[in-house]
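The whole structure should be built from the sequences, with the hints applied where relevant.
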Amino acid sequence: MVTSKTDPRGGTLVRTLVRDYDADNGLQSSETLEPGAPRYRLRTTFDRSSNRFGLVGKVTQDWIYPLPATAQSRVLSVTNYDGNGRLPATVANAMGH
Numbered sequence: 012m013v014t015s016k017t018d019p020r021g022g023t024l025v026r027t028l029v030r031d032y033d034a035d036n037g038l039q040s041s042e043t044l045e046p047g048a049p050r051y052r053l054r055t056t057f058d059r060s061s062n063r064f065g066l067v068g069k070v071t072q073d074w075i076y077p078l079p080a081t082a083q084s085r086v087l088s089v090t091n092y093d094g095n096g097r098l099p100a101t102v103a104n105a106m107g108h
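With my numbering, the residue at position 26 of the sequence shown is 37, and numbering never jumps.
In case anyone wonders, no lab produced these hints; they're calculated from the structure. Do not take every clue at face value.
[What the hints assert, rightly or not] Here are the computed distance ranges between Cβ atoms for each label pair: (1) Leu38 x Leu98: 12 to 20 Å; (2) Gly47 x Ala100: 37 to 45 Å; (3) Arg63 x Val102: 32 to 40 Å; (4) Phe64 x Leu28: 38 to 46 Å; (5) Gly22 x Asn95: 19 to 27 Å; (6) Arg20 x Leu87: 14 to 22 Å; (7) Gly65 x Val29: 33 to 41 Å; (8) Leu24 x Gly65: 29 to 37 Å; (9) Gly65 x Leu87: 33 to 41 Å; (10) Gly65 x Thr17: 32 to 40 Å.
Note that beta-carbon positions come from the ideal geometry of N, C-alpha and C, so glycine has one too.
Below you can see the structure in the form of structure tokens.
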């Protein structure tokens, strides 16, 4: 998906977002912002492996820090579900809260 915004002073800004889907179940597995520009690329991954209903259990992000060019990543959120696997039992954000 390509989105463009126009600013009268700054010109046009174009953003690209690519979504990837799991071939087995059709659920979104990741999305990448600016995939063609490593300097601005941000990939968000949705881990559904621990839930039989395909609900997202962990969201991670990775990117390249510019100086020096080093790979970075963080866990954005972790969700644990009840015994049936349907309702969230605990949810933690990137700070663990």
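- Message: Verify the CB-CB distance for Leu24 and Gly65 against the hinted window 29 to 37 Å.
- Response: For Leu24 and Gly65 the Cβ distance comes to about 34 Å; the hint holds.
- Message: Just to be sure I understand the hint, the distance between the Cβ atoms of Arg63 and Val102 should be within 32 to 40 Å; is that true here?
- Response: 19 Å, violated
- Query: Do Gly65 and Thr17 keep their Cβ atoms within the hinted range of 32 to 40 Å?
  - Reply: 38 Å, holds
- Message: Just to be sure I understand the hint, the distance between the Cβ atoms of Leu38 and Leu98 should be within 12 to 20 Å; is that true here?
- Response: At 18 Å between Cβs, range holds.
- Task: Take the C-beta atom of Gly65 and the C-beta atom of Val29, compute their distance, and say whether it sits inside 33 to 41 Å.
- Result: About 21 Å separates the Cβ atoms of Gly65 and Val29, which means 33 to 41 Å is violated.
- Task: Given the range 38 to 46 Å, decide if the beta-carbon distance of Phe64 to Leu28 lies inside it.
- Result: 26 Å, violated
- Confirm or reject the claim that Gly22 and Asn95 have a C-beta distance inside 19 to 27 Å. At roughly 52 Å between Cβ atoms, Asn95 and Gly22 fall outside 19 to 27 Å, so the hint is violated.
- Could you see if the CB distance from Arg20 to Leu87 stays within 14 to 22 Å? Violated, at about 33 Å.
- Task: Please test the hint of 37 to 45 Å on the beta carbon pair from Gly47 and Ala100.
- Result: 40 Å, holds
- Message: Between the beta carbons of Gly65 and Leu87, is the distance compatible with 33 to 41 Å?
- Response: Violated: the Cβ-Cβ distance is about 18 Å, outside 33 to 41 Å.
Comparing the model with each numbered hint stated earlier shows that hints 3, 4, 5, 6, 7, 9 do not hold.
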